[in-house]
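Based on these hints, arrange chain B on the given structure of chain A.
Taken in order, these protein sequences are the chains called A and B.
If you use the numbering used here, the first sequence corresponds to residues 1 to 259, in order.
If you use the numbering used here, the second sequence corresponds to residues 1 to 111, in order.
Hints are computed from structural coordinates only; laboratory data are not their basis.
Treat the hints loosely; a few may be bogus.
[To be verified] Examples of chain A residues toward chain B, derived with CB under 8 Å: (1) 71; (2) 87; (3) 241; (4) 242; (5) 243.
[Claimed, not checked] Quick list of simulated restraints, FRET-style, between CB atoms: (6) 86(B) with 146(A): 51 to 59 Å; (7) 18(B) with 245(A): 29 to 37 Å; (8) 76(B) with 245(A): 25 to 33 Å; (9) 97(B) with 198(A): 45 to 53 Å; (10) 96(B) with 230(A): 30 to 38 Å; (11) 103(B) with 136(A): 23 to 31 Å.
In this text the structure is predicted, and so the values were computed from the model without any measurement.
Glycine included, every Cβ here is placed at the ideal spot set by N, Cα and C.
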Amino acid sequence: MKSFVFAFIALISLNNFAQNKTIAAGEKLTYTASYNMSGLLTDIAQVKMETSEVKTTKSTLLRLKCTAATYKKWDNFFKIRDLYESYVNPKTLTPYLYKRDISEGGYYKFMQYKYNHKAKLVKSLKRKKNKEGKTWDENKNVKIGASTKDLVSTLYSIRNMDIHKASPGDQQNFTILFDNKETIVTVKYIGKETISTKIGSKECYKLALSIKGSDLLKGNNNNLLWLTADTNKIPVYVKFKIPVGNGELKIISATGLKN
Amino acid sequence: MKKLFIILGFIAAILSVIIAVTPLSNLAVAPIIVAFISGLIVLFLSKKQKTKTKTIQYIFLLVIISLSLTIYKGVFFTTEVGDTEQLEQRDEENLEDSKEILEDIDIDEGF
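For reference, chain A alone in the conformation it holds in the complex (with noise of 0.2 Å):
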């Protein structure tokens, strides 16, 4: 009976968990993001993450848009118009299809992801442009796990998790597909801080967050993610230190939001 009450409780949690309380459809979050060096910043780009409702014959889904270009300034020097996007299940954030669409400085690539969450198989299409401005296609069946998810989406999950019953120092990990290959980050909830922004001086989740077996992000609680502690949890700021210096993403507004 004790063992049947604690598989209920875990059941029940683990439900909990998986139920989007967080985002909504038609929600617009803005930031800009800068890049450190020397104690002075410098704005390059602008970062859109949206969220909208698409309807399929038979369902409907909620599409989470991230989109990245640079200010004018930067625009001869190097042009970024990167568009990454995801296609989740709305109730459970369970993403279907995934697609990155990035120009960055003349580069070109595109990445596309159909799960087959069944089968746990990913279909994966890369497709980049040659020299002569041909593109080509590369095909192929990616293994994953149970819970692994894209960027995008893990993005999305991270505001969906239940900090509010977490301690300080608890952790969490997260296995995102990222460029045919599944990479496990952790996310370390810190503690509670007030932090001042565009949107007004905001009560702030502080997480730090660390990739497995990765130099990309430097140190261990040098790349830091602020949430607001209300129920919408917005990224409100975020602290990142890679191998050429650091940077940050300052949010500048955020409508639509759920709560």
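Just chain B now, kept in the frame of chain A:
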């Protein structure tokens, strides 16, 4: 001693001009300050030694050029996103394409 500051001032001044031309213009402030201080030190030293050094003028000239470029860029260049037409077009194309793909995918509520 004087030579050291002349070299330092020159390098910093040239560096500041180079940075001021690039989009990283507000980072030019650091070498501008270094060049300006070295210029002042060279001026002070040459006054003490009662010699005339032409390089001071060059250092200050370069500093003025990069400083005015930085200020000009800071005032007139607003941080706005350039043309996103191409991005929006790709966005639309991807959405249409995705809708077609999603029609074939079975959405399993269990996951």
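Taking the hints in turn, this is what the structure says about them:
no., hint, verdict
1, 71, "5 Å, holds"
2, 87, "6 Å, holds"
3, 241, "18 Å, violated"
4, 242, "17 Å, violated"
5, 243, "18 Å, violated"
6, 86(B) with 146(A): 51 to 59 Å, "38 Å, violated"
7, 18(B) with 245(A): 29 to 37 Å, "18 Å, violated"
8, 76(B) with 245(A): 25 to 33 Å, "27 Å, holds"
9, 97(B) with 198(A): 45 to 53 Å, "35 Å, violated"
10, 96(B) with 230(A): 30 to 38 Å, "36 Å, holds"
11, 103(B) with 136(A): 23 to 31 Å, "26 Å, holds"
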